[in-house]
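Protein chains in written order, with this note's numbering: chain A, 1 to 215; chain B, 216 to 300.
These are computed hints drawn from the structure, not numbers from a lab.
It is possible that some hints are incorrect.
Unchecked claim - Residues from chain A that face chain B, not an exhaustive set, calculated with beta carbons under 10 Å:
id: 1; residue: Ala14
id: 2; residue: Ser15
id: 3; residue: Arg40
id: 4; residue: Val64
id: 5; residue: Gly73
id: 6; residue: Pro114
id: 7; residue: Ser115
id: 8; residue: Ala127
id: 9; residue: Glu143
id: 10; residue: Val170
id: 11; residue: His199
id: 12; residue: Arg206
id: 13; residue: Leu209
It should be emphasised that the depicted structure is a prediction, and the values quoted were computed from it without experimental measurement.
Beta carbons: idealized from backbone N, C-alpha and C, even for Gly.
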Amino acid sequence: MSSAPASSPVASEASLVDALRLGDEAAFSELVHRHHAGLRRVARAHVSSDALAEEVVQEAWLAVVAGIDRFEGRSSIKTWLFSIVMNIARTRGRRERRTLPFSALRAEDEDASPSVPPERFQTQRDAWPGHWATPPRPWEDPERRLGALEAREHLRSALRKLPAAQQTVVTLRDVEGLGADEVCRLLGLSEGNQRVLLHRGRARLRAALDTYMEA
Amino acid sequence: MTVREPEITCREFVELVTDYQEGALEADALDLVEEHLVLCDWCRDYLDQLEATVAATARILDDPPPAEVLERVMTAFRTRHRGTA
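Next comes chain A alone, as it looks inside the complex (with noise of 0.2 Å):
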C-alpha cells in the first residue's frame, strides 16, 4: 500500500474518493459546494442561459452519483468533475446550435485589444517612445480591499463579463487552481492559446479591479 501522508494531495483524493464510494454524505455535499459555482460558470459558457447551465451542473451531479465506481482516478476528482460538465454543456450547446467550439478557437479571433490601452503609453513623439504616459497606480492595502465584499462582487461581476473562452480558462486557472496542462486537455487548447487566453483575460480583470481601487 502506498504510505503517502494524511495530509498530502494524493492521500486526501483518495480518501474523498472512498468516502464518496461508500456514501459519505458530508463528504458529497462538501464536494458539491465547492465546485457548483465553477461548474456552472464554465458551463455558461456554453448554452444561452443561466436556467440552462444550472441544470448541466445538476444533470453533471447525477452523473457523478451514478459514475463514482467508475472513476479511475487517472486525473483529479476536480477535472474528472469539470470534463463532465463540459461532455454535458456541449451536448446541450450542440443541441440549441450554440456550439463553442474550444477545439477550432483561435484565441486571436475573440479580441485582440491591448492589456493596456494604447494612450497611456508615450507615443514616437514623446522622450520614451512605449513607455508608460500614465503609469499604475499603487494599490493601497490590496489585500484587505480586496477582501471588502464590494470588491469582492465586482470581480465577480468582472469574471461574468469575459468572452466565454477566457471566463471559462481564468475560472479554470484562477478561481479552481487547475494546472495549465489539465486546461489545455480538458479545453483541447494548445499551450500557447490556454496563455493567452489566461493573459486577456486578466488583464480585463485587474482592469476592472483598478477602476474600483481608483473609485
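With the hints as your guide, set chain B onto chain A.
Using the frame of chain A, we list chain B on its own:
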C-alpha cells in the same frame, strides 16, 4: 554610431507578463523582462496589481448551489447508497 542594447518597453512588458509568470519565456526574452523589472518601478507596480488580481480571483465570491438543486442531487446520492452506507 552607438550600438544600443536590446530592451523592451513598458508597452511590450504588459503583453509579456503572463508568459513571464507562466515560465514560458525563452532565455533571451526572460533576460529582457527581468532587466526591465529591475529598472522600471511602474511595471513592478503593474505586476503587483496582476498578482493581487490573481489572488483575489482565487477567493471569488460565488453563489451557493440553489436549494432545490442541492436537494435533488443529495437525494440521488442517498438513494444510490441506501443500504451500503
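These are the hints, each one checked on the structure:
Given the 10 Å rule on beta carbons, the hint for A/Ala14 is violated: about 19 Å separates it from the nearest Cβ of chain B. A distance limit of 10 Å between C-beta atoms decides the matter here; for A/Ser15 the minimum to chain B is near 16 Å, and the interface restraint is violated. Taking 10 Å as the C-beta contact cut-off toward chain B, the hint placing A/Arg40 at the interface holds, the least distance being around 8 Å. For the restraint placing A/Val64 at the interface with chain B, the shortest Cβ-Cβ distance is roughly 8 Å, inside the 10 Å limit, so the hint holds.
The beta carbon of A/Gly73 is not positioned within 10 Å of any beta carbon in chain B (closest approach about 20 Å), and the interface hint is therefore violated. Contact between A/Pro114 and chain B, as hinted, is supported at the beta carbon level, the nearest pair being about 7 Å apart and thus within 10 Å. Here the hint on A/Ser115 is kept, as its CB sits about 5 Å from the closest CB of chain B, short of 10 Å. For A/Ala127, the interface hint is violated, since its Cβ never comes within 10 Å of a Cβ in chain B; the closest pair sits about 12 Å apart.
Residue-level restraint check for A/Glu143 holds (minimum Cβ-Cβ distance to chain B is 7 Å; threshold 10 Å). Look at A/Val170: its Cβ gets to within about 7 Å of chain B, closer than 10 Å, so that hint holds up. The restraint placing A/His199 at the interface with chain B holds, with a minimum CB-CB distance near 4 Å, inside the 10 Å limit. Hint status for A/Arg206 relative to chain B: holds, with the closest Cβ pair at about 4 Å, below 10 Å.
At a threshold of 10 Å, the smallest CB-CB gap from A/Leu209 to chain B is about 6 Å, leaving the interface hint in force.
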